[in-house]
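Residue numbers (the numbering used here), protein chains in the order written: chain B, 612 to 970; chain Z, 612 to 970; chain U, 612 to 970; chain D, 612 to 970.
No wet-lab data here; the hints were simulated from the structure.
Heads up, a few of these hints could be off.
Same chains, same names: a pair is fine if it fits in one copy or spans any two.
Unchecked claim - Computed list of lysine-lysine pairs in DSSO-like fashion (alpha-carbon distance at most 30 Å, straight line):
1) K932 / K942
2) K730 / K862
3) K613 / K830
4) K834 / K613
5) K942 / K730
6) K942 / K862
7) K613 / K730
8) K932 / K730
9) K613 / K942
There are 4 protein chains.
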Amino acid sequence: MKRRIGIMTGGGDAPGLNAVIRAFVKRGVGQLGWEVIGIEDSLNGLLDTPHRLQCLTMRSCQGLLHRGGTILGTTNRGNPFEYPMPDGSVANRADEIAQAFRDEGLEGLVGIGGDGTQKISLRLMEDCGIPVVGVPKTIDNDLSATDFTFGFQSAVDCATDALDRLHTTAESHERVMFLEVMGRDAGHIALHAGIAGGADIILLPEIPYDPQRLADKVKRRQKIGRLFTIVMVAEGAVPLALAELSAEERKQRLSEAGGAAHVAMESMRPISDAEMRVCVLGHLQRGGGPVPFDRLLATRFGVGAVDLVEQDRWGEMVRLKNGVIDGVPIKDAIAVYRLVDTEGQLVSAARAVGIELGA
Amino acid sequence: MKRRIGIMTGGGDAPGLNAVIRAFVKRGVGQLGWEVIGIEDSLNGLLDTPHRLQCLTMRSCQGLLHRGGTILGTTNRGNPFEYPMPDGSVANRADEIAQAFRDEGLEGLVGIGGDGTQKISLRLMEDCGIPVVGVPKTIDNDLSATDFTFGFQSAVDCATDALDRLHTTAESHERVMFLEVMGRDAGHIALHAGIAGGADIILLPEIPYDPQRLADKVKRRQKIGRLFTIVMVAEGAVPLALAELSAEERKQRLSEAGGAAHVAMESMRPISDAEMRVCVLGHLQRGGGPVPFDRLLATRFGVGAVDLVEQDRWGEMVRLKNGVIDGVPIKDAIAVYRLVDTEGQLVSAARAVGIELGA
Amino acid sequence: MKRRIGIMTGGGDAPGLNAVIRAFVKRGVGQLGWEVIGIEDSLNGLLDTPHRLQCLTMRSCQGLLHRGGTILGTTNRGNPFEYPMPDGSVANRADEIAQAFRDEGLEGLVGIGGDGTQKISLRLMEDCGIPVVGVPKTIDNDLSATDFTFGFQSAVDCATDALDRLHTTAESHERVMFLEVMGRDAGHIALHAGIAGGADIILLPEIPYDPQRLADKVKRRQKIGRLFTIVMVAEGAVPLALAELSAEERKQRLSEAGGAAHVAMESMRPISDAEMRVCVLGHLQRGGGPVPFDRLLATRFGVGAVDLVEQDRWGEMVRLKNGVIDGVPIKDAIAVYRLVDTEGQLVSAARAVGIELGA
Amino acid sequence: MKRRIGIMTGGGDAPGLNAVIRAFVKRGVGQLGWEVIGIEDSLNGLLDTPHRLQCLTMRSCQGLLHRGGTILGTTNRGNPFEYPMPDGSVANRADEIAQAFRDEGLEGLVGIGGDGTQKISLRLMEDCGIPVVGVPKTIDNDLSATDFTFGFQSAVDCATDALDRLHTTAESHERVMFLEVMGRDAGHIALHAGIAGGADIILLPEIPYDPQRLADKVKRRQKIGRLFTIVMVAEGAVPLALAELSAEERKQRLSEAGGAAHVAMESMRPISDAEMRVCVLGHLQRGGGPVPFDRLLATRFGVGAVDLVEQDRWGEMVRLKNGVIDGVPIKDAIAVYRLVDTEGQLVSAARAVGIELGA
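Can you make the complete structure from the sequences, with help from the hints?
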């Protein structure tokens, strides 16, 4: 009998989601003869009546490789284990999902998503007996289990391109320009794009900064005739004054103050006479199609997920380690984050080319 | 004797400034044997001691064609006729400029800049006898005298690219996304890029919008399964409620409320249950190199400016009219703005492809 | 009763075809309530049994704006008036088309295509009574009736980007690099992209070149330390030695010798000791999505075509003249080509910035 | 006393050369206070009289990060150990280089280049006592000692972009399109870009192809309505008929027949009725600025080279292994090529998504 596998995308958008789906279908349907059923909007497609499912065929794959977003949607109305009901109560709807899963004759579930999605998948397997395979997705590239996640390089390219653009404006107007990019807890995008785009200062969540050092850097540049300065700011970067706060409080404070770039600018205001401006890259980083690096990686992840299913390695997640795709138990992989190594080679390289990190 | 001509760039950054300078030098220096002297930072290069000038040679032109910004800088410390002095007073320093101009042996001045720059140029000619030629620069393309200004198409391309990116995110997350682009008074960038990028709604300064129409459009789309909506917002767009205010008051109100896109989002909040997000393109639009269309136009403007100087057509400004480059008296050209023609073909075309303009 | 209009795309690929179709459907179907029927592969969709037609709906339009190629296909098995039959004979199949057209209940035909397509359209109207409206398509922008055709700016951008790339290689290796771009008879792409990309030499079909002048230019550059030279070559450019030949013979000779860029390189070989390389851009210029300029223009053409149909202006073709979209009788528009004006402003501007045109 | 280090770039152009130089100077000059002397045109700058050298300062680094090519030039008149003299003889000029090296007070030499450059460097150290450090450069990414070389991802992006463009044309015209990309011996670019760009067939030097399999693939696609096929061809790919020839003979045969893509097309001609076209990407792949991935890698290589010099690890070459930059003895690194692993994961992934490899 034909295998019948469900696939869903959860959490935020990331360039490459469609490329994973495409590879999974090309291998699963096109070569192994499976049926692959796309569940719409995370797991909501199984909770709605009628179920919202897409039978994914070879034809569905046309044009998917370079298309951003996800054809399955990711709109999530809530964690099925703590589902917010219309009446304001919270319900555990996992059994409904398990029932729907069986009613649809599904044999396994592939969940493409971040930490939250993988945790839910794992619990669906443990509590409800749904066999799951995971594909990691974090545009911030902060999952320790895998060297790279798709979408990250696309975000880096987008942020680098923005830096390139700001350079010309900053130079012509002799300004300090702050560019805020994604990275609540991990500053990988800011660090990669900051080096690649020639930022003068990079502020990371991992390294609380001393505003005086930023002002000094601006002044040193002015002295040698470089009358502009580019500051790359991860959205979780904080000045030393806020460093002792809990993660939650820090986010709160940054949010109230208009974001990390504004906070950085205001922290310099009393000690610098430079003209300063902020630019927030925002949703642009998640959008658009994947760059070739991510298309290839997403394709490999999709093929790897088929391999895990084929070998009944349920409970595992695909990942890239030292250039090789393999599987790792989801329970070992989730919630083991990779922050920027503040003593690592990349931070050293940034400093070696004269980039100020604020501490 | 060699002609010796000064050239300066004034006002905001626009992709193509360097391409104008390059063409002026290639023709003036390389073929006509002139000396071309770049004045740094608008006219400040003539006010500072020593004067800050660059002797522009064929060698200075290398790599300039596709480089954003301006090698001359545009940092402006003030209108020379009402110059803010360190002691807080205001001085007319035009005579100083005229004296410096003559001391440097300059025969004419080419001013590349917007309305403000052209007015100052004209007054320098009328009050102080400095022969001037103008090259128009407005990234908003709102100068009636010329069909196109360089930098505009580059900004349109940048804004369209951003729309393309937002599409995938909006679609995956079923959101209403607002993209705010340049255009305080004239909405050309929003209109061109909005049509080119497939926006669902375009809000222009020229057409105050009814928030109810926006909410209705979102709802109509939801009914046919299009669960996302893209709204392009010029930074001067206002709801009907603010339309009666003076231009100055409107800007004030928009600024206090966090910009036109935020105002549009908040205006819909009470009447729409859609999830909404704002993205402000900001300085990215001015930065980066010029697109080929602008490189060609800027080159033609630079060559045209040489022609005006060669023919001693002082007081004229180069422009493009129906595909032809010629000169027009600066005094006839300035302050004759071109707003979006609300009855024109482009607005009709937008409506014809189903774009809601809010009124 | 609902109007039922056919639409087809003929001839070579051009970025923007889908954007025309999309705008036509959005206006015709979405707002005027027409049925729009896409005929596949030029008119072959009406000659095959069963007919190959697509009912174009609002849904068909999704994602079309920035997609290159044409969803209708353009594979053409021959002019219906001189159709090559499988047995080797040639048949007039226009009556079959007319019959199929009526059988399908079509009221009018919109033909998006070049000169050949428009001529066939016109003859279908005159000989067979099929009401037609034309939308011009020539990536070479060589149709006199319209100031711009969609696809042209996309091709210019592609060619300019290639020039930018070749610059770095040419400079590092001190080479003369020839880039061959489209333009059999008219050199608009080579001229626009050559100026925009900073070519040192541009060779156009309209200006036969003297190889000695090219070699001299290379030598003059070497003398001032510019050890590389970039030559932009339209595919119809010829040296003076071939200028007297008929157009047909010239094409023959160029083709036998490996194309215009090779001929230019070989013509310089005996008189220059520079290291030389050829790059042929080829099909890359036609492919890819349209740039924003072309998306806007194609959208306006699609809307304009609806207007012509709505006003029963059969036999007319949409066009852009001095910024305005209107209609012009097809018979007045076809076969009135616009070559590069060898005395015009663009050629002068090229020379003014030091570009050698070979004569 | 100040250290005084020479740096040179050898062999073909690769995006990222300038970024290596910039990082070396920023670290060496800006932070360690060295003098860094750029030798022009490989080692020729030391052979010419007067020597052609550039004193590289912090100022020389401005704008270098994203600039393609190399500011030092790579024009090479010959291997110094077998130097072709004007009179036709061959001379060993290594001693002259060593003398010039000492005369200039240089303490060490950093050679950025491919296999040939590294071999010469090594011999200069062994035979003439010049202390050398190497930075690997191979756009083909075929050096076993390092996981990635800069320029490779830029070439992959360029080739993928070309594939994207060809797709639309191939689809509209129902053609088989062949795209020839770099890769004489190793097909990494073709494989990476072929997967990333959704090629239907990929032909690699490592896997001689059976033309019948290609024709079958085209036919299978036609049967399911996919009337076009995209073939990615590495420039060293050969049909089975040529597989037994020596590497030299194969190159000869491919060259005589107009290149690998032409050979592939002609091999299919007798067994396929599809319309076929060839596109050769050529020099475009080497040109242009580096993508962000390569900018970061090149920066790390430049910093790593400073580290090797600082630690007097002469005779070593910088490289990236499992994400870490370190040094490896040049003599262990050169001439250990990495071909595409025909049994590896990437080839399997290509097959898993239905790509035909011809064998």
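How the hints compare with the structure:
In this assembly of identical chains, K932 and K942 lie within 30 Å of each other by CA distance both inside one copy and across copies; the values are 17 Å within and 28 Å between. For the homomeric pair K730 and K862, the shortest alpha-carbon distance inside one copy (23 Å) is at most 30 Å, but the shortest distance between copies (48 Å) is not. In the homo-oligomer, the alpha carbons of K613 and K830 lie at most 30 Å apart only across protomers (27 Å), although the nearest pairing inside one protomer, at 69 Å, exceeds that limit. With identical chains, the CA atoms of K834 and K613 are at most 30 Å apart between copies only, with a shortest distance of 24 Å across copies and 72 Å within one.
When the C-alpha separation of K942 and K730 is checked against a cutoff of 30 Å, the pair qualifies only within one copy, where the shortest distance is 8 Å, while the shortest distance between copies is 49 Å. Proximity of K942 and K862 under a CA criterion of 30 Å is satisfied intra-copy only: 27 Å inside one chain copy versus 52 Å between copies. In the homo-oligomer, the alpha carbons of K613 and K730 lie at most 30 Å apart inside one protomer (28 Å), although the nearest pairing across protomers, at 55 Å, exceeds that limit. For the identical chains of this complex, K932 and K730 are intra-copy neighbours only, at 21 Å inside a copy versus 32 Å across copies, given an alpha-carbon limit of 30 Å.
Only within a single protomer do K613 and K942 lie at most 30 Å apart by alpha-carbon distance; the minimum there is 29 Å, versus 55 Å between protomers.
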